[in-house]
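S.K.: Spelled out, the chains give:
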Amino acid sequence: MKSGFRSLSTGRLLIVAAVIAIISGASVGLGVGYVIHYDAPTTRTFYMFDRSLPFNESVFGYPHDTFVPDTITVNKGDHVLIHFADIESTPEGHTFTMDAPYTLSAVVYKNVTQGGGVAGTFTDVPGVILGQSQTATITFTANWAGTFRFYCAIHQPTMTGYLVVIG
Amino acid sequence: MKFLRWSAVALLLVTGIIDLYYGNSFAGFYENLWYVMGGIYVFAALVIAANIEPRFSQLTVFAYTVFLWSVWATVALETGTGLDAVAYADKAIEAFLAVNMVLLFRSSRRV
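So the protein lines, in turn, are chains A and B. The opening residue of the first sequence carries number 12 in my numbering; numbering runs sequentially from there. The opening residue of the second sequence carries number 2 in my numbering; numbering runs sequentially from there.
Wrong hints could be hidden among the right ones.
Stated by the list, open to error - Where chain B lies over chain A, by a calculated footprint (3+ residues, C-beta under 8 Å): (1) 20 to 32; (2) 35 to 43.
Stated by the list, open to error - Computed beta-carbon distance windows for the label pairs: (3) B/Glu54 x A/Val39: 52 to 58 Å; (4) A/Tyr173 x B/Ala11: 30 to 36 Å; (5) B/Glu54 x A/Ser20: 17 to 23 Å; (6) B/Glu54 x A/Ser116: 47 to 53 Å; (7) B/Tyr22 x A/Ile98: 41 to 47 Å; (8) B/Gly40 x A/Val70: 38 to 44 Å; (9) B/Asn33 x A/Val70: 30 to 36 Å; (10) B/Tyr22 x A/Tyr173: 49 to 55 Å; (11) A/Val118 x B/Asn33: 30 to 36 Å.
No lab work stands behind these hints, which were simulated from the structure alone. None of the values given here were measured: they were computed from a predicted structure. Think of the CB as a built atom: it goes at the ideal place given N, C-alpha and C, for glycine as much as any other residue.
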C-alpha cells in the first residue's frame, strides 16, 4: 500500500507544493516588506560647514578648524547629498575627503567674486577642495555599513568627521 | 529527461550566480539573504546534477523557486522595491526554472 508522498498523483503533488510555497512565500514577503518598508533607501540631505574654534592655533599646535556637523548618520543603501560650504572669513581652503572604500561625486561651485557657476565636476574621487566662499554638492551611496572617517586633508587632525552607516 | 535535468542545472546555476551578484553589488539591504538564496540555488544545482533523491529534490527545488517568486512579488507589491532590471532577469529565469522543474518532476515520476 502506498502512503503519503507516493500516494499522491504527480499533478496533485505539484499543486500542493506550489500552494504551500505560494502561501509561505507571501507570508514571508509580507513580513520582509513590513520590516524594510520603514528603512527603504532614501536620499539624506545634509548641510555642512567649516567652523573655526576660538583659540590660538600656534599655542596649541594644531588647527582650530572643525566640521559642523561632524557626524552624519544614514542607513545602508541611502543616497547621501551633502551641501558643503567653505564659510571662512579669510582666504582659506578646505577639503572634504573620505576614507576608502567610499568615494564621492561632486559639483564644486565658484564663489560670488568668481562670478558664480560651476567650477568643476568630479566623479568617483576620494575628495574635493573648496576655496573661501565656495560651495559644493557632494553625493555618494552608503553601500558599506560601519563608521568611516571624512576629513579635511589640510587641517588635520581636528577637522575630522564620521559617517555612520547603519546596516 | 537528461536534457531537462541539465537545463535545470544550468538555470539553477545562472539564478544562483545572479543572486550572489545581486547581494554583492546591488542590494542596498539584506544582501546576506541574497547570498543565502544564491547559495541554496548553487547547492540545488549540485543535488539535481548528482540526481540525489530526484523525486524529493526536484519537488523541493520547484517549491523553493515558487516560494522565492512569491516572496519577491509580495515585497515588490508592498514596498515597490526589487523592481529593477537584474531582479526582472532573475525572476524571468526563475519562471523558466519552475516550468523546467515541473516537466522534470513529471518525467521522473513516470520512470
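S.K.: Each hint needs a verdict: does it hold in this structure or not?
M.R.: Structure-based check of all given hints:
{"no.": "1", "hint": "20 to 32", "result": "holds (count 7)"}
{"no.": "2", "hint": "35 to 43", "result": "holds (count 7)"}
{"no.": "3", "hint": "B/Glu54 x A/Val39: 52 to 58 Å", "result": "violated (25 Å)"}
{"no.": "4", "hint": "A/Tyr173 x B/Ala11: 30 to 36 Å", "result": "violated (47 Å)"}
{"no.": "5", "hint": "B/Glu54 x A/Ser20: 17 to 23 Å", "result": "holds (19 Å)"}
{"no.": "6", "hint": "B/Glu54 x A/Ser116: 47 to 53 Å", "result": "holds (52 Å)"}
{"no.": "7", "hint": "B/Tyr22 x A/Ile98: 41 to 47 Å", "result": "holds (44 Å)"}
{"no.": "8", "hint": "B/Gly40 x A/Val70: 38 to 44 Å", "result": "violated (59 Å)"}
{"no.": "9", "hint": "B/Asn33 x A/Val70: 30 to 36 Å", "result": "violated (51 Å)"}
{"no.": "10", "hint": "B/Tyr22 x A/Tyr173: 49 to 55 Å", "result": "violated (31 Å)"}
{"no.": "11", "hint": "A/Val118 x B/Asn33: 30 to 36 Å", "result": "holds (35 Å)"}
Taken one by one, the earlier hints fail for this structure at numbers 3, 4, 8, 9, 10, listed in ascending order.
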